[in-house]
Every structure is written in structure tokens, then in C-alpha cells.
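Protein chains in written order, with our numbering: chain A, 1 to 314; chain B, 1 to 314.
No lab work stands behind these hints: they were computed from the structure.
Hints are supplied without guarantee of correctness; some may be wrong.
Unchecked claim - So these bits of chain A aren't anywhere near chain B, every CB distance computed over 12 angstroms:
| hint | residue |
| --- | --- |
| 1 | 89 |
| 2 | 90 |
| 3 | 97 |
| 4 | 100 |
| 5 | 106 |
| 6 | 117 |
| 7 | 165 |
| 8 | 182 |
| 9 | 269 |
| 10 | 291 |
| 11 | 293 |
| 12 | 313 |
Said to hold, decoys possible - Subject to a maximum C-alpha distance of 27 angstroms in a straight line, what follows is the list of computed DSS-like cross-link-like pairs (lysine-lysine):
| hint | chain 1 | residue 1 | chain 2 | residue 2 |
| --- | --- | --- | --- | --- |
| 13 | B | 96 | B | 164 |
| 14 | B | 158 | B | 96 |
| 15 | B | 173 | B | 158 |
| 16 | B | 195 | A | 198 |
| 17 | B | 216 | A | 195 |
| 18 | A | 216 | B | 198 |
| 19 | B | 195 | A | 173 |
| 20 | A | 103 | A | 164 |
| 21 | B | 173 | A | 198 |
| 22 | A | 195 | B | 195 |
| 23 | B | 173 | A | 195 |
| 24 | A | 173 | A | 96 |
| 25 | A | 216 | B | 216 |
| 26 | A | 291 | A | 195 |
| 27 | B | 195 | B | 289 |
| 28 | A | 173 | B | 198 |
| 29 | A | 289 | A | 198 |
| 30 | A | 195 | B | 198 |
| 31 | A | 198 | B | 216 |
| 32 | A | 173 | A | 103 |
| 33 | A | 216 | B | 195 |
A virtual CB, placed ideally from N, CA and C, is assigned to each residue, including glycine.
Take a look at the letters that make up each chain.
There are 2 protein chains.
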Amino acid sequence: MKDVLRPYKTLDSSRICLGYATPYASAKFIRARDPAFLPPVPQGNTAGPNNSGAISWIFPSNTAQYAVRPLGMDEVQACIFDVFGTLVDWRTAIIKALESEGKRCGASPQTDWEAFANEWRQGYMRKTREIANGLVDGPLNVDVLHRNILEEMLASSKWNGLGKIWGDEDRKKLTLAWHFLDGWADSSEGLHALKQTKIIAALSNGNVRLLVDMAKHANLPWDAVLSCELLGSFKPNPKTYLGAAYHLSLPPSQVAMVAAHIYDLRAAASHGMKTVYVRRGEDIVDEVKSKADGGEVDVVVNSITELAALINRV
Amino acid sequence: MKDVLRPYKTLDSSRICLGYATPYASAKFIRARDPAFLPPVPQGNTAGPNNSGAISWIFPSNTAQYAVRPLGMDEVQACIFDVFGTLVDWRTAIIKALESEGKRCGASPQTDWEAFANEWRQGYMRKTREIANGLVDGPLNVDVLHRNILEEMLASSKWNGLGKIWGDEDRKKLTLAWHFLDGWADSSEGLHALKQTKIIAALSNGNVRLLVDMAKHANLPWDAVLSCELLGSFKPNPKTYLGAAYHLSLPPSQVAMVAAHIYDLRAAASHGMKTVYVRRGEDIVDEVKSKADGGEVDVVVNSITELAALINRV
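All chains, full assembly: derive it from the sequences and hints.
Here it is in C-alpha cells:
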């Protein structure tokens with residue numbers, strides 16, 4: 001552990017962050033696969049939020065400002081993006097894949113494909129959350145996770161009719177359907193515009209190959225693909241947000257998390273990141289407002305092109 | 001460790017490999033920060049090469065074919081690239097940055113900037129190799145490494161004249177000069193062409209932010225930026241090559257390592273990857289030949305555009 005726990009000199013304090021600062025804290029997360037690896041909280045430092053229920057973390061005192069200073073979007077150097085739901089439409093593509101594979105294999109015409117898709121997605125949400133919270137061990141690879149959940153569903157009494165007609169090849173094909181989802185109409189254009197002035201990176205629970213296939217399919221021009229698997233957990237575990245900031249060599253205050261899910265933004269905000277909520281009809285469960293409107297996020301937009309216009313104007 | 005060591009079902013045996021296959025071996029590397037974490041080699045499996053001097057690894061028996069089967073480039077799904085020297089010209093840019101910063105601060109006109117640049121680079125090569133071989137602990141962040149080596153040089157009797165005139169800001173600026181190197185004339189065009197048919201990823205010792213800044217500066221359109229820091233060591237440690245194949249969900253035989261340094265290609269080949277040697281004048285130290293010409297690499301090219309034409313023709 002010594003390599004990353006050493007208090008490095010700050011390389012460029014105006015812009016980054018190697019050393020005492022946030023990366024020092026985040027580096028501990030990236031490497032600390034067991035809470036026992038964490039050093040004791042030094043005297044005089046600010047204890048940060050404990051999001052995982054299993055690990056608490058600290059900001060060294062000289063960077064506590066990053067976590068509490070209320071700053072505007074003009075400071076943002078990088079935008080990191082949730083992908084499923086925020087940039088791509090998983091529901092339409094997955095329902096279509098299920099229906100097509102069902103028809104080919106002779107499934108009942110009454111099958112509720114939307115219910116199947118929602119249950120698969122809910123299983124993913126539940127499982128990633130359990131892993132992020134340290135309640136269960138992995139897998140950290142979303143392809144494996146998707147396949148495991150599919151197997152469980154097809155073995156259940158509700159779906160075992162499909163379980164009988166879908167063999168190994170069909171199950172592989174359906175699992176890989178999650179790699180090739182279409183982007184929302186504004187996603188590609190907005191990311192291309194944002195990339196002109198900022199670093200844009202995926203910060204997704206998806207595995208690297210899934211995100212690469214998706215980027216090629218939906219034309220998402222990432223500067224970096226930060227799969228949470230590379231960072232050692234799933235969102236909303238602190239490792240993922242702090243790991244992203246560390247690897248982009250930025251303090252969290254210079255990073256904006258962009259997502260259509262408030263849980264993701266709340267976690268990012270708790271680490272001092274800026275927050276951008278994107279309204280995507282089907283995933284809206286809460287009424288989310290910007291701080292200017294008495295809400296909790298920094299910015300609310302209806303599209304990535306709107307965000308790009310806003311950021312590029314600042 | 002349980003999450004990644006479990007022998008998952010193979011998701012798509014024709015194309016990948018989640019599970020028993022190579023990712024199973026590579027996953028052990030990614031997680032195994034201590035040899036004690038490695039499980040015993042199962043009976044009937046093929047022991048692989050021990051490149052690090054510290055860790056040995058195994059291929060499960062059903063993927064041993066990947067390491068030994070002599071296959072053509074037509075099987076390649078992804079090209080992974082060395083960056084410093086192979087795609088960008090570090091020497092010209094670093095000499096220029098040193099000279100400019102020297103003049104500004106009143107350095108002697110007789111200063112041998114090329115010698116300084118070469119010593120800095122040699123320090124990096126020596127240090128990354130020591131870390132890859134497990135001889136010393138990190139740092140795994142190349143910005144930190146570059147700054148540390150610069151500090152050591154400026155404290156030496158040979159360069160302490162410069163040590164007296166360069167303060168903290170100058171040293172930061174020079175360290176960050178490594179982020180903004182120009183590409184060779186063919187690099188950007190070649191990568192854009194290759195990206196049309198294959199996955200292209202950086203596999204570099206450089207840290208993520210360095211590689212992102214370089215990609216923006218030199219227009220290198222990566223599908224994924226695989227910094228060795230994310231994979232837990234430096235090249236030529238096995239973690240880096242196997243980690244890249246794992247995260248791209250490909251067996252090594254479907255990945256081509258592209259580099260201007262034979263040590264990098266020898267390590268990649270030892271894990272069953274395809275190898276492409278790029279002739280870049282100043283870094284040539286060995287006469288490298290293709291297998292067809294009685295040599296050891298799969299392909300020798302003079303440019304990335306030549307490689308793209310060859311791959312896209314296959």
C-alpha cells in the first residue's frame with residue numbers, strides 16, 4: 001500500500017491534486033479493499049460522510065475546502081456521466097431484444113416483455129446497490145451480473161416458461177443486448193459539443209467492454225471510460241466518485257457528475273462534486289430542483305445539448 | 001477477493017471469456033496485490049511465464065490454446081498501444097520545454113538540454129521497470145514519478161545549477177510538459193482509420209489524466225484509456241497485459257499490442273497476444289523482424305496508417 005499512501009508533493013495546486021489533497025484520500029479508497037487498510041483519521045482533519053455503511057473516509061485538512069466551498073459551474077474542468085438511462089435508452093432496446101428472441105423461440109404472444117425488462121433492470125439496481133454497500137461480494141462485472149440475474153429470473157416460477165425455450169446461446173445474446181443501446185436524441189451531439197471545452201468521461205457501473213461497445217454504437221466520444229469495475233466498487237460507493245476525481249487529477253469541486261438519478265447526484269455532492277440532473281421522463285421518481293429554485297442540485301437540464309450550451313457559455 | 005476469483009460461466013465463448021478463461025487468470029492479477037492471495041495452481045493447468053520475478057500465473061486448461069496457438073492477424077478484435085515513443089515524440093517536446101524554461105530563468109547557454117531530457121527519460125524507464133518487477137513500491141502515478149526524478153536530478157552535482165534557478169512553479173510546468181507531446185505524423189490518421197473496424201485502446205504507463213491530455217492534444221481517438229495505474233502495475237508486469245485483455249473481454253489472441261519497443265512486445269507475446277512493432281527511428285535499439293522474415297513479432301510496420309491499411313484489408 002505504501003506507493004499510494006505516501007503524502008506526495010502537490011504537483012500543481014492550482015489545478016490538481018497529487019498528494020495530500022483529495023487524491024490522497026481517494027487513493028486510500030482505491031487500494032483499501034479492507035477497512036483495516038485505512039490509516040487512522042489524523043488529528044485536525046475533517047471527517048467526511050460515510051456513504052457505504054462500511055467504510056468511513058477523511059479529507060486531509062488542507063483540502064476540506066473542496067468539500068464545503070460553494071462554487072459555481074465555471075470552475076468545472078470535467079463532466080462525468082452516468083450512462084444507463086442518462087445517455088442511453090435501455091428500456092426500448094431491451095424490450096425489443098426480449099420480444100424478438102421470444103418470438104424466434106416460440107414464446108407465448110401474451111408474454112409481458114416490459115415487465116420482464118423492468119424486473120431485469122430492478123435486479124441489477126438491487127444487486128449493484130448491495131455490492132456498493134458492501135453487503136455482498138461482487139461480481140463487479142456487469143455482464144456477469146446481468147447474466148446471473150437473467151438465470152435467476154428464468155429459473156423462477158414466473159418466467160420458467162421462457163427458461164424452457166431459451167438455451168445458452170439465447171441467454172448470451174440477450175445479455176450482450178445491454179452493450180448496444182441507442183442514445184437519446186441529444187446525447188451524442190451534446191457530448192461532442194462538451195468535449196470541445198471539457199474532459200468528458202463515463203462513470204458507469206458498466207464494465208469497460210460494455211461501455212466501449214455502447215460508445216461505438218451510440219457515438220459517445222469519451223475522453224476516458226471510467227468503469228466502476230476499474231475503481232473497485234459500484235456507485236454510490238465513495239471509491240467510484242473519488243477514484244474518478246483522482247484519475248482525472250482534479251479536486252471534486254472541479255468535476256460535475258451528470259445523471260438522471262438523484263441517488264447518484266446525492267452521493268457525488270457528498271464528496272464535493274458539482275451536480276447536474278438530466279430530466280429523462282421514464283426515470284423521474286422525484287421532483288428534482290436546482291439550488292437556485294430551492295432544490296439540492298447545481299443544475300437541472302432537459303438534454304446534454306442544453307448542458308453543453310450552458311457549460312460552454314460560462 | 002471472492003467476487004473475481006469465482007469461476008464464472010463463460011458468457012460468450014466464441015468472443016470472450018468471462019469466467020474460467022483468461023479473465024479468470026487476469027482477475028487474480030488485478031486483485032492480487034500480494035502473492036499470498038493467489039490460489040494454488042489447479043491440477044492439469046498450464047503454468048505460464050513468470051515475467052515479474054515475483055508472481056507466477058496460470059492459464060486454466062481450457063484457454064491454454066490461446067497462449068500457444070499460432071494465429072493470424074485476422075482474429076484481432078482490439079489493438080492496444082504503447083504511447084510514449086510509439087505514437088508521440090517525447091524527445092523533441094521535452095527538449096524544447098527544458099530549453100525554453102531554461103532561457104527564461106537565465107540558464108547557461110552551454111546547457112546540454114538533450115542530455116537532460118535523455119537522463120529524465122532513462123530515470124523513468126529504470127524506475128517503472130523496478131516497480132513492474134516488484135523491486136520497489138510505487139508510485140504508480142507517472143506525474144509523481146516524473147516530478148520525483150526531476151527533483152533528484154536537480155539535486156545532483158551535475159544539474160544543481162538548474163536546481164538553483166528552477167522553483168516549484170517551473171518544476172510543475174516541466175512535469176506537465178509530458179502531457180502535451182506532439183503525435184508522429186501518422187498517429188492520429190492511423191488511429192482514426194483503425195477505429196472504424198477495431199477497438200483501439202491506450203495501454204500506457206502514463207496516468208489517466210496525462211493520457212487524456214495527450215489524446216486531446218495529439219488527436220488520438222481512443223475507445224478506452226487503459227492506464228497501467230488502473231491495472232495495478234507498470235509494463236511489463238503481467239497484470240497490465242492481462243488486465244487489458246480482461247477489461248476488453250477478449251482472449252489475448254484477439255488483442256494486438258502495438259509498440260516501438262521490443263521489451264513491451266515480448267511481454268505481450270508471452271501472454272498470447274499478437275505483436276506489432278512500429279519502426280520509430282530514434283528508439284530502435286534492436287533489429288526487429290516479423291515471423292515471416294525469421295524474426296519474433298507478428299507484424300512490422302513503419303507507421304500506424306500502414307497498420308490500419310493492413311488490418312482493415314484482412
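Okay, the hints, checked on the actual structure:
1. 89: holds, 22 angstroms
2. 90: Residue 90 of chain A clear of chain B: closest Cβ-Cβ about 18 angstroms, beyond 12 angstroms.
3. 97: With a cut-off of 12 angstroms, residue 97 of chain A remains clear of chain B, as the shortest Cβ separation is near 15 angstroms.
4. 100: holds, 18 angstroms
5. 106: holds, 23 angstroms
6. 117: holds, 19 angstroms
7. 165: The claim holds: residue 165 of chain A sits with its nearest Cβ about 19 angstroms from chain B, beyond 12 angstroms.
8. 182: Nearest chain B Cβ is 18 angstroms from residue 182 of chain A, so the label holds.
9. 269: holds, 23 angstroms
10. 291: holds, 29 angstroms
11. 293: holds, 34 angstroms
12. 313: Residue 313 of chain A is indeed farther than 12 angstroms from all Cβ atoms of chain B, at 21 angstroms.
13. B:96 <-> B:164: holds, 20 angstroms
14. B:158 <-> B:96: holds, 20 angstroms
15. B:173 <-> B:158: holds, 21 angstroms
16. B:195 <-> A:198: Status holds; Cα separation ~22 angstroms.
17. B:216 <-> A:195: holds, 9 angstroms
18. A:216 <-> B:198: OK: residue 216 of chain A and residue 198 of chain B at ~10 angstroms, within 27 angstroms.
19. B:195 <-> A:173: holds, 24 angstroms
20. A:103 <-> A:164: holds, 14 angstroms
21. B:173 <-> A:198: holds, 20 angstroms
22. A:195 <-> B:195: holds, 18 angstroms
23. B:173 <-> A:195: holds, 24 angstroms
24. A:173 <-> A:96: It holds: about 13 angstroms lies between the C-alpha atoms, which stays within 27 angstroms.
25. A:216 <-> B:216: Within the cut-off at roughly 18 angstroms; holds.
26. A:291 <-> A:195: Between residue 291 of chain A and residue 195 of chain A the Cα gap is close to 26 angstroms, so the pair holds against 27 angstroms.
27. B:195 <-> B:289: holds, 26 angstroms
28. A:173 <-> B:198: holds, 20 angstroms
29. A:289 <-> A:198: Satisfied, since the Cα-Cα distance of roughly 24 angstroms is no more than 27 angstroms.
30. A:195 <-> B:198: Distance ~22 angstroms between residue 195 of chain A and residue 198 of chain B Cα, so the pair holds.
31. A:198 <-> B:216: holds, 10 angstroms
32. A:173 <-> A:103: holds, 14 angstroms
33. A:216 <-> B:195: Cα-Cα ~9 angstroms, so holds.
The structure fails none of the hints (numbered hints given earlier).
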